[in-house]
Amino acid sequence: MNNIGLLTIFMLSMFVGFEVISKVSAVLHTPLMSGANAIHGVILVGAILITGTATGAVQITLGLVAVVLATANMVGGFVVTDRMLEMFKGRGKAKAAVAAKDATDERPAT
Amino acid sequence: MSTATQSAYLVTALCFILALKGLSSPKTARNGNLIGAFGAAIAVVVTVGQRHLGHRPLIIGAIVVGAVVAVPAARMVKMTAIPQMVALFNGVGGGAAMLVALDEYVRLHRLDSTAASIAVAFTAIVGSVSFTGSLITFAKLQELMTGRPILVPGAQFVTSLVGLGAVGCGIAAVAASSVPLLVICTALSLALGVLFVLPVGGADVPVVISLLNAFTGLTVAASGYVLDNTLLIVAGTLVGASGTMLTQLMAHAMGRPITGVLFGAFSGSSTAGSTAELTSSADRGVRSAGADDIAILLAYARKVAIVPGYGLAVAQAQHTCRELVDLLESRGVQVFYAIHPVAGRMPGHMNVLLAEANVPYEQLKEMDDANPEFSSTDVAVVVGANDVVNPAARDSVGSPIYGMPILNVDEATNVVFMKRSMRPGFAGIDNELLYHPKTTLFFGDAKDSLSKLVAAVKAL
Numbered sequence: 182m183n184n185i186g187l188l189t190i191f192m193l194s195m196f197v198g199f200e201v202i203s204k205v206s207a208v209l210h211t212p213l214m215s216g217a218n219a220i221h222g223v224i225l226v227g228a229i230l231i232t233g234t235a236t237g238a239v240q241i242t243l244g245l246v247a248v249v250l251a252t253a254n255m256v257g258g259f260v261v262t263d264r265m266l267e268m269f270k271g272r273g274k275a276k277a278a279v280a281a282k283d284a285t286d287e288r289p290a291t
Numbered sequence: 014m015s016t017a018t019q020s021a022y023l024v025t026a027l028c029f030i031l032a033l034k035g036l037s038s039p040k041t042a043r044n045g046n047l048i049g050a051f052g053a054a055i056a057v058v059v060t061v062g063q064r065h066l067g068h069r070p071l072i073i074g075a076i077v078v079g080a081v082v083a084v085p086a087a088r089m090v091k092m093t094a095i096p097q098m099v100a101l102f103n104g105v106g107g108g109a110a111m112l113v114a115l116d117e118y119v120r121l122h123r124l125d126s127t128a129a130s131i132a133v134a135f136t137a138i139v140g141s142v143s144f145t146g147s148l149i150t151f152a153k154l155q156e157l158m159t160g161r162p163i164l165v166p167g168a169q170f171v172t173s174l175v176g177l178g179a180v181g182c183g184i185a186a187v188a189a190s191s192v193p194l195l196v197i198c199t200a201l202s203l204a205l206g207v208l209f210v211l212p213v214g215g216a217d218v219p220v221v222i223s224l225l226n227a228f229t230g231l232t233v234a235a236s237g238y239v240l241d242n243t244l245l246i247v248a249g250t251l252v253g254a255s256g257t258m259l260t261q262l263m264a265h266a267m268g269r270p271i272t273g274v275l276f277g278a279f280s281g282s283s284t285a286g287s288t289a290e291l292t293s294s295a296d297r298g299v300r301s302a303g304a305d306d307i308a309i310l311l312a313y314a315r316k317v318a319i320v321p322g323y324g325l326a327v328a329q330a331q332h333t334c335r336e337l338v339d340l341l342e343s344r345g346v347q348v349f350y351a352i353h354p355v356a357g358r359m360p361g362h363m364n365v366l367l368a369e370a371n372v373p374y375e376q377l378k379e380m381d382d383a384n385p386e387f388s389s390t391d392v393a394v395v396v397g398a399n400d401v402v403n404p405a406a407r408d409s410v411g412s413p414i415y416g417m418p419i420l421n422v423d424e425a426t427n428v429v430f431m432k433r434s435m436r437p438g439f440a441g442i443d444n445e446l447l448y449h450p451k452t453t454l455f456f457g458d459a460k461d462s463l464s465k466l467v468a469a470v471k472a473l
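Residue numbers (the working numbering), protein chains in the order written: chain A, 182 to 291; chain B, 14 to 473.
What the hints contain is simulated information worked out from the structure, not anything from laboratory work. Using N, Cα and C, we set each Cβ at its ideal position, and we do this for glycine too. Treat the hints loosely; a few may be bogus.
To be verified - Calculated cross-link-like contacts (lysine to aspartate or glutamate; reagent style DMTMM-like; alpha-carbon spacing at most 20 Å):
1) B:316 with B:391
2) B:471 with B:342
3) B:451 with B:305
4) B:465 with B:339
5) B:40 with A:263
6) B:465 with B:342
7) B:471 with B:336
8) B:34 with A:200
9) B:316 with B:382
10) B:378 with B:336
11) B:34 with A:267
12) B:451 with B:391
13) B:40 with A:200
14) B:316 with B:339
15) B:91 with B:458
16) B:91 with A:263
17) B:471 with B:461
18) B:34 with A:263
19) B:465 with B:305
20) A:204 with B:379
21) B:40 with A:267
22) B:451 with B:408
23) B:316 with B:386
24) B:91 with B:369
25) A:204 with B:381
26) B:316 with B:305
27) B:91 with A:267
28) B:40 with B:369
29) B:465 with B:306
30) B:451 with B:306
As the list claims (entries may be wrong) - Using C-beta positions, here's what the derived DEER-type ranges look like:
31) A:242 with B:174: 28 to 34 Å
32) A:200 with B:173: 34 to 40 Å
33) B:14 with A:203: 32 to 38 Å
Said to hold, decoys possible - Some, not all, of what chain A presents toward chain B, calculated at C-beta under 7 Å:
34) 194
35) 210
36) 222
37) 228
Next up, chain A with everything else stripped away, as it sits in the complex:
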């Protein structure tokens, strides 16, 4: 793809990234950071592509090390985030119960 095309994608992604996060409560800062951390583990795709076309021991070794590290980043990242969010489950239920009790009250917009 030409440079302008790539640059366009870059700029648009940047705006989406800013917009998506604009208002987050402090409680979710850590899971959100961890989730974003897992997402950049997608460098695994790059690592696979580069190893797949590598020739010679040096290139293959570099590529395979990158694959191992990137997999750890991606898989570990998603698992750790899920574990953190698992802890909110009980809280969510309690919240729902409260909401049900105050059914007559106006529901806050989410």
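Using the hints, position chain B against chain A.
Frame of chain A, contents of chain B only:
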């Protein structure tokens, strides 16, 4: 690359956007994370399945190795250690991105455009800083090294020099398409990551992790440019942008400008806890008491506030804490938890821990709701927290933590501090409140102390 592969990548990119969106609201957070994982899985399967991919068995083997190491680590890690786990995963991601760009450069030796060469140099520098920087934050949080800022005379000069050297070598490597120069650039950048994080004070480490996370995102985006891969560009840029935003939000939650976090230690004004203050106050008298006295104080109070901090987390005392609270409530005492947004080592750390102990949601009060309650509170029990209740943040203009919003526990009629020792908090700053006449100290490990209190209240 085939149209089918490209389409799969598009689906993945959309999944990532939905994942970030989901993660920013408590209701949808867990599903958001699953959507992200699903998208990532699609991309990996499609990539491995490509027809002309060489070394497929080796690659699959490497993926299995990575997963076998990471999954148990992520599953088994204690809740208290999760922040450093995130730092570690971020670091290896940065390392992977750096290796990918280097590998591509070594192979082609000369890239078809200057822009791509610049992207490689960028990846080498930023990826390396993210890699070693994250490892140092890991070491700090894991307490493999001191959490205090490490200040070496002339460090600022050395760091600037190494930084300039790295950028200079990067530029030279691009201009001369030289692999050895790029290797030197990478080595200098690895050193830069260490120098960059060493002077950061413990309390600011989470903000730095978030920043390094954004760095890794940008590195991935630059690798995507080198490889001409749109998925990497989209995913990397998303993380880079949202990570920058998040870093600002976190710095804001601590009431500190981001520049203060990063460069405060260098100028010696903000992150660094002043040790001079400590020695002067070391001999001052404090009042300490045993479990029985404090049990009486609590059992006959009308309203009690629990202020949890890292001490609670590290002692795994959340269940014992809940036991005490239940016991007090059964005696008719009104109890609430006052949660500071950055108590512990990470924003939201306390909410996660207390949720694990099934503390009812109604008992948790965020800072803005908790602060008006303290003036009518009989006893505020601070369990292993320090900096987040330090009145210096509110009153003393010269203090390193001045401006950070705190829980006003000093407005309560009595304050009980459960601490292991007189050591100051993570920020390394002394707390005036410890010496206040209305304050009682209860020394010991948070879990032991709470168990003793439970026994003492039962015996009343």
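So, going through the hints one by one against the coordinates:
Note on residue 316 of chain B and residue 391 of chain B: the hinted pairing holds, with a Cα-Cα distance of about 5 Å set against a maximum of 20 Å. With a C-alpha separation of about 12 Å, the suggested pairing of residue 471 of chain B with residue 342 of chain B holds against the 20 Å cut-off. For the given pair, residue 451 of chain B sits about 17 Å from residue 305 of chain B by alpha-carbon distance, which is consistent with the 20 Å threshold. The hinted pair formed by residue 465 of chain B and residue 339 of chain B meets the criterion: a straight-line CA distance of about 15 Å does not exceed 20 Å.
This hinted pair checks out: residue 40 of chain B and residue 263 of chain A have alpha carbons roughly 13 Å apart, not beyond 20 Å. Proposed proximity of residue 465 of chain B and residue 342 of chain B is supported: the alpha carbons are some 17 Å apart, at most 20 Å. Distance check on the hinted pair: residue 471 of chain B and residue 336 of chain B sit about 11 Å apart at the alpha-carbon level, within 20 Å; holds. For the hint pairing residue 34 of chain B with residue 200 of chain A, the CA-to-CA distance comes to about 9 Å; that is within 20 Å, so the pair holds.
Between residue 316 of chain B and residue 382 of chain B the CA atoms are separated by roughly 15 Å; this keeps the pair inside 20 Å, and the hint holds. Simply put, residue 378 of chain B and residue 336 of chain B have alpha-carbon atoms about 18 Å apart, close enough for the 20 Å limit, and the pair holds. The hinted pair formed by residue 34 of chain B and residue 267 of chain A meets the criterion: a straight-line CA distance of about 18 Å does not exceed 20 Å. With a CA separation close to 11 Å, the supplied pair residue 451 of chain B and residue 391 of chain B stays within the 20 Å bound.
With a CA separation close to 19 Å, the supplied pair residue 40 of chain B and residue 200 of chain A stays within the 20 Å bound. Between residue 316 of chain B and residue 339 of chain B the alpha-carbon distance is near 13 Å, which keeps this suggested pair within the 20 Å criterion. Note on residue 91 of chain B and residue 458 of chain B: the hinted pairing holds, with a Cα-Cα distance of about 18 Å set against a maximum of 20 Å. With a C-alpha separation of about 14 Å, the suggested pair residue 91 of chain B and residue 263 of chain A falls inside the 20 Å cut-off, and the hint holds.
Taking the CA atoms of residue 471 of chain B and residue 461 of chain B, the gap is about 15 Å. The hint holds against a cut of 20 Å. Restraint check for residue 34 of chain B and residue 263 of chain A: the C-alpha separation of about 15 Å stays at or below 20 Å, so the hint holds. Using a Cα cut-off of 20 Å, the hinted pair residue 465 of chain B and residue 305 of chain B holds, with the two alpha carbons roughly 8 Å apart. Restraint check for residue 204 of chain A and residue 379 of chain B: the C-alpha separation of about 17 Å stays at or below 20 Å, so the hint holds.
This hinted pair checks out: residue 40 of chain B and residue 267 of chain A have alpha carbons roughly 12 Å apart, not beyond 20 Å. The suggested pairing of residue 451 of chain B with residue 408 of chain B holds, with an alpha-carbon distance near 18 Å, which does not exceed 20 Å. This hinted pair checks out: residue 316 of chain B and residue 386 of chain B have alpha carbons roughly 9 Å apart, not beyond 20 Å. Among the hinted pairs, residue 91 of chain B with residue 369 of chain B is consistent with the structure: their alpha-carbon atoms are about 12 Å apart, no more than 20 Å.
Using a Cα cut-off of 20 Å, the hinted pair residue 204 of chain A and residue 381 of chain B holds, with the two alpha carbons roughly 17 Å apart. Taken as a hint, the residue 316 of chain B and residue 305 of chain B pair is honoured in the structure, with Cα atoms around 19 Å apart against an allowance of 20 Å. Between residue 91 of chain B and residue 267 of chain A the CA atoms are separated by roughly 14 Å; this keeps the pair inside 20 Å, and the hint holds. Proximity of residue 40 of chain B to residue 369 of chain B is assessed by CA-CA distance (about 17 Å); at most 20 Å being required, the pair is judged to hold.
The suggested pairing of residue 465 of chain B with residue 306 of chain B holds, with an alpha-carbon distance near 11 Å, which does not exceed 20 Å. This hinted pair checks out: residue 451 of chain B and residue 306 of chain B have alpha carbons roughly 14 Å apart, not beyond 20 Å. In this structure the supplied range 28 to 34 Å holds for residue 242 of chain A paired with residue 174 of chain B, their Cβ-Cβ distance being about 32 Å. Look at residue 200 of chain A against residue 173 of chain B: about 35 Å separates their beta carbons, and that is inside 34 to 40 Å.
Take residue 14 of chain B and residue 203 of chain A: their Cβ atoms lie about 34 Å apart, and the range 32 to 38 Å holds. Hint on residue 194 of chain A holds. Least Cβ distance to chain B is approximately 4 Å, under the 7 Å limit. Because the closest C-beta pair between residue 210 of chain A and chain B is about 4 Å apart, less than 7 Å, the hint holds. At about 5 Å, the closest approach between the beta carbon of residue 222 of chain A and any beta carbon in chain B falls short of 7 Å, and the interface hint on this residue holds.
Interface hint at residue 228 of chain A: satisfied, since its Cβ lies 5 Å from the closest Cβ of chain B, which is below the 7 Å cut-off.
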